[in-house]
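Listed below, chain by chain, are the residues.
Protein chains: 2
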Amino acid sequence: MLGFGTVGTGAFRMLHDNKKAIEDKIGLPVEVVRIGVKDLGKDRIAPSDLFTDDLWSIVDDPSIDVVVELIGGTDPACSLVERAIQNGKHVVTANKEMMAKFGSRLVQSAKDGKLDLHYEAAVGGGIPLIQPLKHQLAGNDVLQMMGILNGTTNYILTAMQQEGRGFEEVLKEAQAKGYAEADPTNDVDGFDTMYKISILASIAFGKQVPIESVYREGIRKVTKTDMAYAEILGYRIKLLGIVDAVSSESIRVRVHPTLIKKDHQLAHVNGVFNALWLRGDFVGDLMFSGRGAGSDPTASAVVGDLIDVGRNISANGQGSAIPYGTGMVTEPIDSLVSPFYLRLLVSDRPMVLSVIATAFGENRVSLAAMEMKALDEGLGEIVFLTHPCRESDFQTALKQIGEQDVVDTVANWFRVHDSK
Amino acid sequence: MLGFGTVGTGAFRMLHDNKKAIEDKIGLPVEVVRIGVKDLGKDRIAPSDLFTDDLWSIVDDPSIDVVVELIGGTDPACSLVERAIQNGKHVVTANKEMMAKFGSRLVQSAKDGKLDLHYEAAVGGGIPLIQPLKHQLAGNDVLQMMGILNGTTNYILTAMQQEGRGFEEVLKEAQAKGYAEADPTNDVDGFDTMYKISILASIAFGKQVPIESVYREGIRKVTKTDMAYAEILGYRIKLLGIVDAVSSESIRVRVHPTLIKKDHQLAHVNGVFNALWLRGDFVGDLMFSGRGAGSDPTASAVVGDLIDVGRNISANGQGSAIPYGTGMVTEPIDSLVSPFYLRLLVSDRPMVLSVIATAFGENRVSLAAMEMKALDEGLGEIVFLTHPCRESDFQTALKQIGEQDVVDTVANWFRVHDSK
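Order-wise, the sequence lines are chains A and B. Everything in the first sequence is counted per my numbering, starting at 1 for the first residue and increasing by one. Everything in the second sequence is counted per my numbering, starting at 1 for the first residue and increasing by one.
Misleading hints may appear alongside valid ones.
For identical chains, the list gives no copy identity; a pair is met inside one copy or between any two copies.
What the hints assert, rightly or not - Derived lysine to any residue pairs resembling SDA-like cross-links, with alpha carbons at most 20 Å apart:
{"no.": "1", "residue 1": "LYS20", "residue 2": "SER247"}
{"no.": "2", "residue 1": "LYS111", "residue 2": "ILE313"}
{"no.": "3", "residue 1": "LYS42", "residue 2": "ASP17"}
{"no.": "4", "residue 1": "LYS38", "residue 2": "GLY73"}
Because the hints were derived from the structure by calculation, they are not lab data.
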């Protein structure tokens, strides 16, 4: 094992607690023989003689069959995994960033070496997502996938929605409870979700999605005011990773806070739970939900992968790495067609609505719903829901609206899931 | 292919429509070379020269690599599958009855021959359930599984609940629409759910569940009156297949209409949708939902399995049949501990409640909630929810209560899901 943090500790404990059942399923004994960590001084649940701070000695140890990479990040994780594969070792990893960036190359190396490279734990914690996409759903053209793939942001959004509290306040509480990190950027700004949805898209469409082609927004802009308006309009706000099949050749991959109708299954995935909703041409609509992070659920995925590696070793198999190519063609966010939510602070004067409606109309944006409220100091608050329109048209309209004298502030806007 | 009904037609169409993507994933061409049917006269979507009414000629044809069994039932399906395996052919099947009764033996034969025997389509239509249990969740001790596994009964119960209609009326409509068969016994009396939950239990616990040890009740006893009381009490009534781990050695498998709290995810699986809820010792709570029947979703599972078989052939692999033993130890329904729902028609007289409460108390059954309503003609209706109690105690109390003069009718009773 490389790394012995939350997931490593959980996997070690699962291999210990369920040892007999696991070995029965594999048909061979399983032994953790070496654990590589940065700091040898910490107190840990595994015997101290298993630990080393020389991670290279593990990937180069000829007596080791399987390397479980749980250190995260790309450096040195990626080099360690590559060397392990060169040395003929199977690899199990939970590393989403590495797989999102270098998955195609790594899986191909494993395949070439007739080795397994499994990474179920990289997306959705304990929820089986990656292997079902590769296997049971493989005959489908995937039409759309939408995922709540980050427990920290879903915990924050759920608390904001249920308790009417603001983002900063809930974030601080989540940090105090250990649900969010001291530097929350990776979660809160959508990087984690971006890696995960990219991996799922790469598998479903058979080519690696260039990570820089993924449109990404985090949840810092979500306010309790918008949460309340969403509720009135019949929606919840969730951070979704979304993949749309645009043509037979191209997809659009995006991560942003999204208004989703309360009657959609994803709207009811709360707290630290994760879910993936998928539409396939034959299978129709599917949803998988469960605990998407944490020691035990992620350990479940790591150990599930290890069992498959063990079965392959036990059967003298060929490995079951399923490679995918590179260069998935993606579409920019500009050409997205989506409904939008817009909240404005405006002067409480005649002609306001006419001015705004004209800017929308000139840009082919038509309106589906509106809420108005008088505020103090001669200001009013207006919330619009548009019918589906082109992102670039909405953004042009937004710019024009922001330049009007009668408009005090473009307070916020979000994309809305089109439930058709 | 053996059989060309709803699922066979769907699979044939999927192999045709998504041919290029499927062949790319396998790395070999896929061709349906022969289709065995009972009646050659029918008009079908496949070229007529593919059809034969001699099913044995297919399983004996040395040019055929994979047999897809879609005729259902045990005879001659089981003999055909056994002969196909003897002849070195991989098998994909959607046959739940065959797998529930003879799965252990068939999978072992396939394993011995280094062949694949896949049966994802047997449970949950297009929802990946069987393979995730065998692979990604394999490291877990499964603590409980609950499934809505039959679309026909879920359609009927959903219509009864949402439209306040009676069982017979909705059944007739479902038959007219083709959602229920002319003889609805297999669905309505719980046989279909029994086969499916038995298969899932056999995989999760590694030994085949003797089919006769599964407690089974269908939905004929569900009335619109009970639906309405369930609603008032905060529940829905669903036909669930339930597996409980009772000890490290034994499980209880049961199929019956169950009151489940409205805030449980399964309460919101409506119409023809299916779902499996699972609790594992490490993975925690998971749910999978989607279309559990019908031509296209089931075809998705069959073709997913075919792709895996194809990859195995393409890689000169060893097959990936995962055998399980026989003789799973099961517990009878008598020792179940569960809350219960009971509806009585009673004389509208003093002492009624005292008499009933005494019968409950003497049998260690304590009450959690009660609803009372005066009916016409001196009768009253009382509905009880009990705290969790032993099934045998509840049944004894029920018998005593039924014998009391003040009790006109024991109108109905159901088991209630204990949400703890």
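Hints, verified against the model:
no.	hint	result
1	LYS20 to SER247	between (49 Å within a copy, 16 Å between copies)
2	LYS111 to ILE313	both (14 Å within a copy, 16 Å between copies)
3	LYS42 to ASP17	neither (22 Å within a copy, 57 Å between copies)
4	LYS38 to GLY73	within (14 Å within a copy, 59 Å between copies)
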